[in-house]
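Residue numbers (this note's numbering), protein chains in the order written: chain C, 10 to 373; chain B, 10 to 373; chain Y, 10 to 373; chain E, 10 to 373.
You may find that some hints are simply not true.
One copy or two, either will do: identical chains are not told apart, so a pair holds if it fits within one copy or between any two.
[Claimed, not checked] Simulated pairs of lysine-lysine, DSSO-like, Cα-Cα distance not exceeding 30 Å:
#	residue 1	residue 2
1	K246	K11
2	K64	K298
3	K190	K35
4	K190	K147
5	K37	K190
6	K298	K56
7	K336	K147
8	K35	K253
Worth flagging that the hints you see were computed from the coordinates, not collected in a lab. It should be emphasised that the depicted structure is a prediction, and the values quoted were computed from it without experimental measurement.
There are 4 protein chains.
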Amino acid sequence: MKAIIVKPPHPGVEITEINEADNYGKVKIRTLYNGICGTDREIVNGKLTFSNLPKGKNFLVLGHEAIGVVEESGYGFSQGDLVMPVNRRGCGVCRNCLIGRPDFCETGQFVEAGISGIDGFMREEWYDDPRYLVKIPKTLEDIGILAQPLADIEKSVEEIFNIQKRVPVWSCDDGTFNCKKALILGTGPIGILFTLVLRTMGLEVWITNRREPTEIEQTFIEETGTNYFNSSNGYDKLRESIGKFDLIIDATGADAGILNQVIPLLGRNGVLGLFGFPISGAFSMNFSKIQDAISANNVIVGLVNGQKPHFQQALVHLASWKTLYPKSSKLLITKTVSINEEKEILKVLREKEYGEIKVKIVWK
Amino acid sequence: MKAIIVKPPHPGVEITEINEADNYGKVKIRTLYNGICGTDREIVNGKLTFSNLPKGKNFLVLGHEAIGVVEESGYGFSQGDLVMPVNRRGCGVCRNCLIGRPDFCETGQFVEAGISGIDGFMREEWYDDPRYLVKIPKTLEDIGILAQPLADIEKSVEEIFNIQKRVPVWSCDDGTFNCKKALILGTGPIGILFTLVLRTMGLEVWITNRREPTEIEQTFIEETGTNYFNSSNGYDKLRESIGKFDLIIDATGADAGILNQVIPLLGRNGVLGLFGFPISGAFSMNFSKIQDAISANNVIVGLVNGQKPHFQQALVHLASWKTLYPKSSKLLITKTVSINEEKEILKVLREKEYGEIKVKIVWK
Amino acid sequence: MKAIIVKPPHPGVEITEINEADNYGKVKIRTLYNGICGTDREIVNGKLTFSNLPKGKNFLVLGHEAIGVVEESGYGFSQGDLVMPVNRRGCGVCRNCLIGRPDFCETGQFVEAGISGIDGFMREEWYDDPRYLVKIPKTLEDIGILAQPLADIEKSVEEIFNIQKRVPVWSCDDGTFNCKKALILGTGPIGILFTLVLRTMGLEVWITNRREPTEIEQTFIEETGTNYFNSSNGYDKLRESIGKFDLIIDATGADAGILNQVIPLLGRNGVLGLFGFPISGAFSMNFSKIQDAISANNVIVGLVNGQKPHFQQALVHLASWKTLYPKSSKLLITKTVSINEEKEILKVLREKEYGEIKVKIVWK
Amino acid sequence: MKAIIVKPPHPGVEITEINEADNYGKVKIRTLYNGICGTDREIVNGKLTFSNLPKGKNFLVLGHEAIGVVEESGYGFSQGDLVMPVNRRGCGVCRNCLIGRPDFCETGQFVEAGISGIDGFMREEWYDDPRYLVKIPKTLEDIGILAQPLADIEKSVEEIFNIQKRVPVWSCDDGTFNCKKALILGTGPIGILFTLVLRTMGLEVWITNRREPTEIEQTFIEETGTNYFNSSNGYDKLRESIGKFDLIIDATGADAGILNQVIPLLGRNGVLGLFGFPISGAFSMNFSKIQDAISANNVIVGLVNGQKPHFQQALVHLASWKTLYPKSSKLLITKTVSINEEKEILKVLREKEYGEIKVKIVWK
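Work out the full structure: start from the sequences and follow the hints.
Here it is in structure tokens:
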């Protein structure tokens, strides 16, 4: 069958015919769509150090974002059901993996389809275990592919809210979170999705980049009632005008030095969430800043990987946004490419386009 | 202005001109819609024992479900914003009311607009405090009125899930709640809304009534993947075929004797949620059934009143259902009556119609 | 070896030589002490319906409360270490049993040493798995046997406090639980231990029985600052003088009818904890009382079985009571009998003595 | 009356007669004991930048650790009761201060007796509000003064365990925390007290300093079953022999650079707790270490200030240690000085003695 394959740690990607690939169960699924994300591109460009070939194989099928259609009824599914695979799969021995939560795997021996250890889903079909399949409503066929990256954000937000239960009262005078201020660093897909989730939950959100917002960003901002801050001259003016933030999320995946700039904006009982993998720089707190962080009950937390419950929550949010943020929800898929347009596929797998939120590959 | 008034504890209702009514703040709101629920009818029929007149007054403006439009910008709102009032308002002294959670008022000295102690919203306009106002997205103008009854259900489900954190692991093998079985007693609006919320969260749901489902119920059941059980001959067959339930919700608001019938279906670590006010009968557990409840770590919990965070969650669910359950979401408003059709208004305020889910009064 | 055996469901008990008994692991333990509780007596008197013989055997070694001494170093223990076995052991398949919490077993297929399915510890020695062994500090050799019954209470209190996290603020104005009022029904060992735990946590406690307190009860009451109420004429006077309670615990193990008497004393957001197995009567709530329970956010919860973490917490409390309540801690063991006094052993296994809190069998 | 006063930000301390000092309520208390801690010495040496005089005054009564005796019955106390004041007092306006939890004050406008804004307790007597008074059992008169510093640790441990509820299962196979590994940096009083609390809770503990343990440390280590690691050559050997830790606590209050050394020892789902105020150096994570922290779900949290519930928990632990760790509990007070030995008092207020855990001033 046709597949998109890579050979980590070597750079490169090809669309080719393969004879066999990993399968994980008995539900036969024909691929309809794949999503492309930054992680795919890092593998293609030979930069993702933890990407590995499946054991004993000399290539890896790429792709951890997929929607497929069930080919034969059984195992709790009906022919024609749309499904999305959960990409990280547990180590099989630790307590959290045993109860379906390899996002908190204790051994680190999990695998990730299309990334490390097992084949991904950029191929015509695969067989899977119902345990790892999430049903996609037909009415979300258009934007459902976003449930995979969004699941990571749902898990992150859930974890932050769990952490904040350490504060006796972290809600506002009216019992909501409407008075809580969140600062999102970065206007890429991750920053946009964090903004949508937090606005849906009622928080006030400021999103920042080192430039004026693009037209598409402007639409998101206006429709969701988000604030924009151009950080090209640093964050002093933001601090002066708005004060401190209850939540700061790094969604840049760029230089870690940005954390040094924003840590002074973290308020009492506040949380700094590290989501995007920084690729250069360092975050440094001198003794005086550490004293401040202690006095202010601050938390810094690493945020990673959503699991099946978070995929399900992502679908509820995607469904709600069609009503709550109809314009924004239509802007989330910025490009669709047919699997037959090989040259274009290879191009989008190598580099991110300007203004891209999500690129979708269509298998038909 | 025109208003619908009652004089508890006396039965009766009239549409009349009034000179003044209670106001709660500075945001001027013109009423667009009211919803009617069973509580309104109990007041109208003189049966709600805890309904009281506002202090020193001889009538009460009815209505605790409302959507209005903000008439003048200010206080965080813009002219034209749609808003819904939160009906229960705190005692002003206890810890939970001080932090916006009078649903857990410690003194019991709260008031409820249109029910006890302060005027409701079946009137042309009122002034309110931003603290008690929930913004309604324009895209939910059609079914947003359901956010009030749905808020009570959101709070109930939140409370049950909070209670279940007593169980070290209450999720399924895949980290979701997809394996958990809920039994909903009653197919009225409350039963339907509980079903929609729990299905959205992934639980398996059985809904019951002592007859075959109506056509409209059949639509809900099919679209949401809910199971139906006709309990006219008791619950033995359900127990035999399905086994025990993790969650049983009484949404009948009828005879308490139903609890005696269903308690044997409550499984280990299970919760029986009491939502609907029973109006006759008794629930009795002999020593042997109490032994079983102890051995099985069972919880019985009284569920009441959603607050502002639950109204907001209700709106997210209503928004999502337009996409997830499009047919069902169109069936939720079963009747719309203009405030000018006085005879019809008085009729729907006195008695529930066959198949009614929500009746909406339109003020224009 | 010598052992105390029973043959459920038949009444009777004998001290006899046995050739073999169940073992559970590789740690060799010589029995030093056993405790006797009401459950043992119900088995001896043929009244505990769920007591079963080990599979394929015709007797059951009695005893679920024991302290032994490790005979050979290894498996994390040193020769001479004092250890106590955890009596309930998991089903081996459900999620909660897999993570060491068979108190919330989902299948009900757990076993309980000395009660149902596997041999207990009223025998000269046994072999066990470290997983089920709790180290007993030498300084608690005297009263450590109470850690088993106390573990059940620690779990119950932990569960109640977990449940109360449903209430946004359940603590007092000073952040403590000092303003919370608990009513303990019954002055037996369970009632006394609940009182000690809740007083240690700072709650105000009222303990009741249908008579004036005994001299020994008077000592507990005075030393711990507990209030006593003689309920021989019902609870009206208690309600009039004190008002409602945040927590009511049934520790009587008697007639369930007492619950009908005390439910009107349960306050807003309050919890009724069912601990003692009632042996007659019924608890009945008519529709009006159910309405009250709903309006007041009440919870009724069945409380059962402590596990290893609760045994450890029990030891910390027992240790603290030697300092906090030195007189009371000396009154907890009301009788000590040598295993060689066979007649006396058989007598204490058949009937409870007046004023008994804990009877201890000494194996030396 | 006699008092020990300071004049921040100026260095210096004197024992003098004063005419008046701040009072906080109606309960008259005569001082029996004060404790001295590092914060006192920083004020005395003019190094605590956030120490402030009470408004409009030119001196500050030092002392935030005290036990006094109630002089007149009333307000819930009896003459002769021993009490300890809670030192941090709320801002009066934020939600957490209103419910008795100024440890999570949102405004930062709290005051701390003897440190900033209001007078402390190194004086003959003061008047206080019952809300801020913790009863001290007579049997803890000897070591009860440790409840103040210990309260900060109780709060820290409670907060860490609350944060870890983000992990679906953070307990061990037997439901306990016995398999969890904690690394405590520093063998001063804070390190010792953290060790005692965590050992009481069952965790495995390693405590480190850059030298061999002192004799007194050796006693603590042996009695509590703690492990010792000499970190004079770094932490590589610890990592090789033991692996990673679930919890690392910085209790050094020294150079922040130690964090750079230990962060590689933090395991998956692990927490780095910052307790001691570092006084030099910096903690730096380059992009690669941040990637690791994200992948491993790590949390870094600032830990500060215990409130009344934590003082109460501290007393329970102190009481239990008399039984669990009798030798260690006798070593906690390393020096006692009479208020009349002025020269000695001034000396201990200026510099820490070798091997000091807690120095107690006796007012009689």
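Quick rundown of the hints versus the structure:
1. Taking identical chains as interchangeable, the C-alpha atoms of K246 and K11 are never at most 30 Å apart, the minima being 53 Å within one chain and 51 Å between chains.
2. Only between protomers do K64 and K298 lie at most 30 Å apart by alpha-carbon distance; the minimum there is 27 Å, versus 46 Å within a single protomer.
3. When the C-alpha separation of K190 and K35 is checked against a cutoff of 30 Å, the pair qualifies only between copies, where the shortest distance is 25 Å, while the shortest distance within a copy is 46 Å.
4. In this assembly of identical chains, the alpha carbons of K190 and K147 lie at most 30 Å apart only when taken from different copies (24 Å versus 35 Å within one copy).
5. For a Cα distance limit of 30 Å, the shortest separation of K37 from K190 across copies, 27 Å, qualifies, whereas the shortest one inside one copy, 45 Å, does not.
6. In this assembly of identical chains, the alpha carbons of K298 and K56 lie at most 30 Å apart only when taken from different copies (16 Å versus 33 Å within one copy).
7. Within a single copy, K336 and K147 get their C-alpha atoms as close as 20 Å, and across copies as close as 13 Å, so both meet the 30 Å cut-off.
8. Within a single copy, K35 and K253 get their C-alpha atoms only as close as 52 Å, which misses the 30 Å cut-off; across copies the closest is 29 Å, which meets it.
Hint 1 alone, counting from the list given before, is not met by this structure.
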